[in-house]
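Asks: First to last, the sequence lines map onto chains Z and X.
Read left to right, the first sequence gives residues 1063 to 1211 (the numbering used here).
Read left to right, the second sequence gives residues 1063 to 1211 (the numbering used here).
Calculated directly from the structure, the hints in this document are not laboratory data.
The beta carbon of each residue, even a glycine, is placed where N, CA and C say it ideally should be.
Take the hints with a grain of salt, since some may be wrong.
Stated by the list, open to error - Covered, in the sense of this in silico footprint (three residues per stretch, anywhere, with C-beta under 8 Å from a C-beta of chain X), are these stretches of chain Z: (1) 1064-1075; (2) 1125-1134; (3) 1138-1152.
Unchecked claim - Computed list of chain Z residues with no C-beta within reach of chain X, every gap over 12 Å: (4) P1086; (5) F1087; (6) G1105; (7) L1107; (8) Q1108; (9) L1156; (10) S1157; (11) A1198; (12) L1200.
So the chains spell out like this:
There are 2 protein chains.
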Amino acid sequence: MKLLKWLSVTDRFYKIYLDKQLAPFGINSSQHMFLIKICRSPGILQDSLMDMFYVHPSNIVRTIAALEKQGMITRSPSTKDKRTCNLYPTDRALSVIDEVQAVCEKTEALLLQGINKADQELFLKLLTQAGKNITAELHIERTEEEFND
Amino acid sequence: MKLLKWLSVTDRFYKIYLDKQLAPFGINSSQHMFLIKICRSPGILQDSLMDMFYVHPSNIVRTIAALEKQGMITRSPSTKDKRTCNLYPTDRALSVIDEVQAVCEKTEALLLQGINKADQELFLKLLTQAGKNITAELHIERTEEEFND
């Protein structure tokens, strides 16, 4: 039962830590991944975020609405597919995104403290394998892009 | 950013899987750890669960109240310390706990599918290290018992 426990503890506490670190930027640990992706790929389709982060469509809608309300992104209906939107970062988002990314990298470095480089890589590989095992069991569809992300 | 992403995905989906598997027993993925502990240590003090699972006191109170309402546990004020309670499993809990534990073990086996025994042990060791790194950063107090759990 240690595996379930430590997955839960580690996930919960890195998010508490990240929330504290991200608070000055007006975003939280359920938004940073989306904001970084939108800043790095302006115009990205809202629907493509679903496959990328394995998130339920209703959660995407909620997170995107929150980021828009916070003045971090803008939406415009896709010309290719009217059922979805293109997402663009605002100047405000672009002005903080490097710092947001640095906070995420600092969080990862903190998690990996005291673990040598080879074990860090193996850890990530094994964690990814575990994640793919469980999403496959639940028949979650994945895109190639997601695998490379 | 892969580490944060896969911690989040793996934790989220094992809980979705576990919720489905635990539904027939009337409990969920935020309750199983407590129920197992109470069944294996009848009379355990409610306060000791806090240190064991790094859970906020208000969450413990909520989870214990839910398990009591579901007829899984009973509480009685501690004779040693009136501020806390001794927790006992009901016959109903004892009749399902082995199956609940088997479901948890099946979930762990699913996560670890395709990973050899040595890597499984290393994975757990590295994940535990990552969890301790982040809880130490947030100054979460831990007991020796917790470390051995």
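Asks: Which numbered conditions among the earlier hints are violated in the structure presented, ordered from lowest to highest?
Replies: 2, 3, 11 and 12
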